[in-house]
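**Q** So the chains spell out like this:
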Amino acid sequence: MGVPRWLFVPALLGAAFVLLPLVAIVARTPWSRFLELITSESSREALALSLRTSATSTLICVLLGVPMAVVLARTSFRGQGVLRSLVLLPLVLPPVVGGIALLYTFGRRGLLGETFELLGLQVAFSTTAVVLAQTFVAMPFLVVSLEGALRSAGRRYEAVAASLGARPTTVFRRVTLPLVLPGLASGAVLAFARSLGEFGATITFAGSLQGITRTLPLEIYLRRETDAEAAVALSLVLVVVAVVVIGFARQGRSAV
Amino acid sequence: MGVPRWLFVPALLGAAFVLLPLVAIVARTPWSRFLELITSESSREALALSLRTSATSTLICVLLGVPMAVVLARTSFRGQGVLRSLVLLPLVLPPVVGGIALLYTFGRRGLLGETFELLGLQVAFSTTAVVLAQTFVAMPFLVVSLEGALRSAGRRYEAVAASLGARPTTVFRRVTLPLVLPGLASGAVLAFARSLGEFGATITFAGSLQGITRTLPLEIYLRRETDAEAAVALSLVLVVVAVVVIGFARQGRSAV
Amino acid sequence: MSLSFDAAVDERGVDVALDVAEGETVALLGPNGAGKSTVLSVLAGHLVPDRGRVVLGDRVLTSQGRPGERRTQVPPHDRHVSLLAQEPLLFPHLSVLDNVAFGPRSTGASRSTSRETARQWLEEVGVADLAGRRPAEISGGQAQRAAVARALAATPSLMLLDEPMAALDVDVAPQLRQTLRRVLADRTVLLVTHDVLDALLLADRVVVLEDGAVVEQGPCAEVLSRPRSTFAARVAGLNMLRGVWRDGAVEVAYGGRSMRVEGIAAEPVPGEGEDAVAVFGPSAVSVFLEAPHGSPRNLVEVTVSDLEPHGGQVRVRAGSLSADVSVRAVSELDLAPGTRGYFVVKASEVAVYRTR
Amino acid sequence: MSLSFDAAVDERGVDVALDVAEGETVALLGPNGAGKSTVLSVLAGHLVPDRGRVVLGDRVLTSQGRPGERRTQVPPHDRHVSLLAQEPLLFPHLSVLDNVAFGPRSTGASRSTSRETARQWLEEVGVADLAGRRPAEISGGQAQRAAVARALAATPSLMLLDEPMAALDVDVAPQLRQTLRRVLADRTVLLVTHDVLDALLLADRVVVLEDGAVVEQGPCAEVLSRPRSTFAARVAGLNMLRGVWRDGAVEVAYGGRSMRVEGIAAEPVPGEGEDAVAVFGPSAVSVFLEAPHGSPRNLVEVTVSDLEPHGGQVRVRAGSLSADVSVRAVSELDLAPGTRGYFVVKASEVAVYRTR
Amino acid sequence: GSGGGDGDGGTTTITVFAAASLTSSFEQIASDLEAEDDGVDVQLNFAGSSDLVAQIQEGAPADVLASADEASMDKATADGLVGTPTVFAANTLEIAVPPGNPAGITSVEDLGQDGLNLVLCAPEVPCGAAAEAVAASAGLDLSPVSEEQSVTDVLSKVATGEADAGLVYVTDVIAAGDDVEGVDIPADANAVNRYPIATVADSDEVALAQEFVDRVLARTGQDVLAGAGFAPAP
Ligand SMILES: Nc1ncnc2c1ncn2[C@@H]1O[C@H](COP(=O)(O)OP(=O)(O)OP(=O)(O)O)[C@@H](O)[C@H]1O
Ligand SMILES: Nc1ncnc2c1ncn2[C@@H]1O[C@H](COP(=O)(O)OP(=O)(O)OP(=O)(O)O)[C@@H](O)[C@H]1O
Ligand SMILES: [Mg+2]
Ligand SMILES: [Mg+2]
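These protein sequences, in sequence, are chains A, B, C, D and E.
Using our numbering, the first residue of the first sequence is number 1, and each one after it goes up by one.
Using our numbering, the first residue of the second sequence is number 257, and each one after it goes up by one.
Using our numbering, the first residue of the third sequence is number 513, and each one after it goes up by one.
Using our numbering, the first residue of the fourth sequence is number 869, and each one after it goes up by one.
Using our numbering, the first residue of the fifth sequence is number 1225, and each one after it goes up by one.
Honestly, the hints are just simulated from the structure, not real lab data.
Don't take every hint at face value.
The following residues of chain C were derived to be distant from chain D, with all beta-carbon distances above 12 Å [as the list claims (entries may be wrong)]:
id: 1; residue: Gly535
id: 2; residue: Asp562
id: 3; residue: Arg583
id: 4; residue: Thr625
id: 5; residue: Ile650
id: 6; residue: Arg689
id: 7; residue: Asp716
id: 8; residue: Glu728
id: 9; residue: Arg746
id: 10; residue: Gly783
id: 11; residue: Ser798
id: 12; residue: Arg852
No farther apart than 25 Å at their CA atoms in a straight line, the calculated lysine to any residue pairs in the SDA-like style are these [unchecked claim]:
id: 13; chain 1: E; residue 1: Lys1299; chain 2: A; residue 2: Arg167
id: 14; chain 1: D; residue 1: Lys1214; chain 2: C; residue 2: Arg840
id: 15; chain 1: C; residue 1: Lys858; chain 2: C; residue 2: Asp723
id: 16; chain 1: E; residue 1: Lys1299; chain 2: A; residue 2: Ala27
Glycine included, each C-beta is placed from N, C-alpha and C at the ideal position.
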């Protein structure tokens, strides 16, 4: 089928706009020191931590976000609109403010502070805090893209399934989910990417201690204080990791 | 149709997780000083600037992002997969690094520096720079959610339209676009939200000059230096603006 | 289980009441847009009526807008009602086999058992060789057959079939009709069709809908031999003229002019001035170019609109009326679309019924 | 413009060559999965064949995998070929009217003109009153009619219709058939149908597909009166026995045993040992319970599988054979599914053709 | 400078790049200057010191640079981006504790307690370097739960009670008002951090830029800085 020719002009422009800065980074990377930079212990630890936490938070996003999306897309109740916009908020909130909000909530003196104290678990300054921060900022991505997919998939097949005697859970497992799998996949990719790049909320809520809470972005920032080029080099690593992960996700997706 | 009951449990959990921090913020806001805070000249200027720039960058995202999404979803060429992941990168890049990348590209010593110098226009540290930064970080949102919508919409209707003699442009205008309008809407909302909350890339690439490049998030960051509560209060404004805008968008969308 | 249905959907101008006895198969006939699919979706629970009550066996499936009665709307999966919709709607992500196996599997059968069942049904509809394909990889008719198989594989208390024979080739249609005849025999079924043969062979009773209301119902043979509704007459391929009973004949307005149609009035004989219909088969109609002067007393001036082969003969259509004549007759009178002439029917061949 | 088509789609096991003359209407018949829709999508340019060449008038629309010839694949919108697919596929976001107006509008007509055209076509198919509705708000048959209107409103050089009469009620079907007959008369059309009447009334020629290949083609009347393919015989409602010509009769294996069927061999008379078919109409078949001893020489032992009303008579089916007998005969012999008996045909009623 | 509209209405504009911790003081000084000479318009750009330098390197339209540490300024001087810097203020560390001082911190030595949620700046940033110095002179080996990116981050941890104590600048404790309490560190055990200021080399408003610098160094400017808790340049 024909895509209008002229469409390629703005498309190329857009691609250029997004890609040029990446090229610029690559151009400025101090390749001579590159290896030494990215293999330094602190970098390796930071990368490992980033991958661990991002994976975890993506998982949580899926576990909590899929139900939210389904409820938003498949039920209707008063105040649903408001709820939907509220769920989007972590997107607008400057990450740092998000971090403060998390402190106000899970911190020692926060809303749930006492509760947690009693349970004897202290969240702040722990890897858990990092995961929480990432989940908080990444959740909306998953919810939004999945809800969109659910809506456009429509309910006709679910209706058929139900009339064949499948109870809601079966319908959900065998019809709804498989049909929106692509949407879920790209949602998860978005969430993972966002978690991987998360900085503001993490440093504010979780702090920054090597091996425990200092993810790659935090490491990058710190390096930057002393040596901007090193920072750039490290962010390249981040980029590469992302490309690989996204690539895989896409494959899985197209395999569906 | 039935949504499985048990699904509401994780859904509520998720909602609580996202909403509690917002509640916490509201609880901590110094309401006594609220009005005075948000009506101060600097705040108003910052808010106005934020809205102006975010609107502009969202527009640009649509103009360049829609074609990109269509090309990605409707054509196939070698290296498409790579391109797709690359377009996602601004998501992973810590915003500040994004800012550096933009400096490396549009800055005086950047890739396009000379070109721009000759054209006598200096991008960095101007309102244009703010828009560029926001566009850079917001673009992926639009592209991803729109491409998803395009794929799930499928091409059958486009095929019908073509066989009725409509040339690609007509098909695009009268069939493709209308069919994915919901996806486009939510994509635009995401992009706008992201632009509104953008901080890191802006401060690095555009600086923080009151009325010119100091958007609300930058203002918040600055306030935080001296008075955290004020910062929180301001971010509430951001939140409210976002809710309103998103609310409108949703209405427009459901009207479709 | 027996079904009692009475529901109204205002938005669609549909207000229908009908019953289906246990183990009975009822054919739902009616023109496009009459409300057949609407009735089915209300039954399946996909559409909530504005007013109405649906009872299957002793369970109230739907009760809406009935003062003094509490609203009920049993969810689709819990109704034991299966629906074969007008579109196949095969699950795109499942193989044809798993599509058919879906019903049994969902109602508790083991994976292997349900697959086994599925395979048998695919055999029945003659697409067993496509079991492994995705729905996107089979033809329209094959999809329709798979959908039928999927519907039959489920074992609901009430079965709804919306045009199950659509898109089937002349080769399978009779086979499938046999299959349906066998499996529907002892099930409670509501069957939508546009084909008189389906009604005659598969259904015990027919219900005729027009403009969202029931206009006629009864045993197939009866309704189709002595229809009281225009549509039923069409389906049965009979001619029907509506009018008023005035001293011993039906006064009909046809083609702008009024005329009297005589015939044998069936009990209960219509009263003076009551609405009545005159019904006669195409084979009872003879065609003349000039008005004949003979015993047959019913004569209608017509313009031939069209000729169709029909069995060994030719069906001559003129507006809503039709006559079956021999090929020789056609060539002798050299009938063609546009020819003006007369349809003549012996009074003894015309049945007259009262309609209220 | 005249069409010459020759293409193969390996994945679907389809390899078909056919021609359509300018202004000619060709009916494409064949069982489900024969490849009809595939041929149409190749023509419409939605499917690129593995090998083949499609020429419309003097334009090469498709040329694939032909050594020494350069690949060509004219995009759909540029082919002047319109396709009415098996599903209505009305644009969900446009009103019924705008759906129909889409074709004219896209090919340069002004908004108002195209709307006008659209309205006329909606009149033709009898859904003008739904012009303002969204596709989701109309019934299956209404959607089908709107889709037909949309296809007709476009004025392409070649028109492809995939089962245009599907899902239509007995009331509109004849009307629509008239309309099609009128508008298709001077267009170049390829028409897929499962209904012999459509073929007879709308088409000049029929092409019969089986398993992705052309098995027979020719003028409707001829193919349907003296079919050489099983499927054509089925469509025409004729009985066919395949066998080999041995001294003056067709030697047939039927129901496990071999027998000789005598008949009148049409020119070219089959040579000894050549494949041949014996064709005879159901009305030529008489049914007996014991083997009779009389002039009719062709006698087949059968088990009645099924009885159907047919015209005024009853069609007795036995496997692939069928006989038309009077209702009285049925009750006298008291025939029912399962009855064992004999089908008897006079040799003079049997036509024998050579098949290669 | 290139930052503003010379000639329009005769107003001349200079752009001052200053470390975020100078926000309130410099806003004060700038408005004073503008009040006196209404032909002058001062644009302030606040960010982290290293950010500011990076921006000037990339051609930001700056006329004055005031950094929170000498390291950043040295980078600028090395690249010949600025004139000779002058130290205009100093800042010393103080222990910040949540209101009520739950952990009962009274001296630097107390920071050694284990189980204490101590938060410091990372060694890479000026306040972190200073903190290391303090610890060294006290002969302590501190084990913080977090090494923050900036003073602000340390402060917010303490203010929210997340941390029991943190090392920040005196000015920050004052700015934070009653969100935190300060525990003084004796001068001999303390570390001093110097704030240099300089005019930017390719400023087109050298005169005005210099005037601003002078103003910061003059007693009016010094008073404002003192009010914010800055120590006078040694
Ligand atoms: N997308 C596909 N991929 C692979 N095989 C297909 C696909 N679509 C159809 N087929 C197969 O190709 C053959 C021809 O399909 P086609 O749709 O042309 O049949 P048809 O003649 O239109 O049948 P029907 O009368 O049921 O519409 C069938 O055997 C079908 O199973
Ligand atoms: N979603 C809808 N909203 C509003 N009106 C509708 C909707 N669907 C159908 N209708 C109208 O309701 C009436 C009944 O529709 P229904 O689908 O029941 O007809 P049907 O008997 O199934 O016709 P067909 O034989 O064409 O399938 C029609 O006039 C149709 O236009
Ligand atoms: Mg229907
Ligand atoms: Mg087909």
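**Q** It remains to establish, for every hint, whether it holds in the given structure.
**A** Evaluated hints:
1. Gly535: Non-interface label stands for glycine 535 (chain C): nearest chain D Cβ at 20 Å, farther than 12 Å.
2. Asp562: holds (16 Å)
3. Arg583: For arginine 583 (chain C), whose nearest Cβ neighbour in chain D is about 25 Å away, the distance exceeds 12 Å, so it holds.
4. Thr625: With a cut-off of 12 Å, threonine 625 (chain C) remains clear of chain D, as the shortest Cβ separation is near 28 Å.
5. Ile650: Incorrect as stated: the minimum Cβ-Cβ distance to chain D is 7 Å, not above 12 Å.
6. Arg689: violated (8 Å)
7. Asp716: Answer for aspartate 716 (chain C): holds, closest chain D Cβ roughly 16 Å.
8. Glu728: holds (15 Å)
9. Arg746: With a cut-off of 12 Å, arginine 746 (chain C) comes too close to chain D, as the shortest Cβ separation is near 5 Å.
10. Gly783: holds (30 Å)
11. Ser798: holds (16 Å)
12. Arg852: Arginine 852 (chain C) is indeed farther than 12 Å from all Cβ atoms of chain D, at 18 Å.
13. E:Lys1299 - A:Arg167: Distance ~68 Å between lysine 1299 (chain E) and arginine 167 (chain A) Cα, so the pair is violated.
14. D:Lys1214 - C:Arg840: holds (23 Å)
15. C:Lys858 - C:Asp723: violated (33 Å)
16. E:Lys1299 - A:Ala27: holds (22 Å)
In summary, the numbered hints that this structure violates are 5, 6, 9, 13 and 15.
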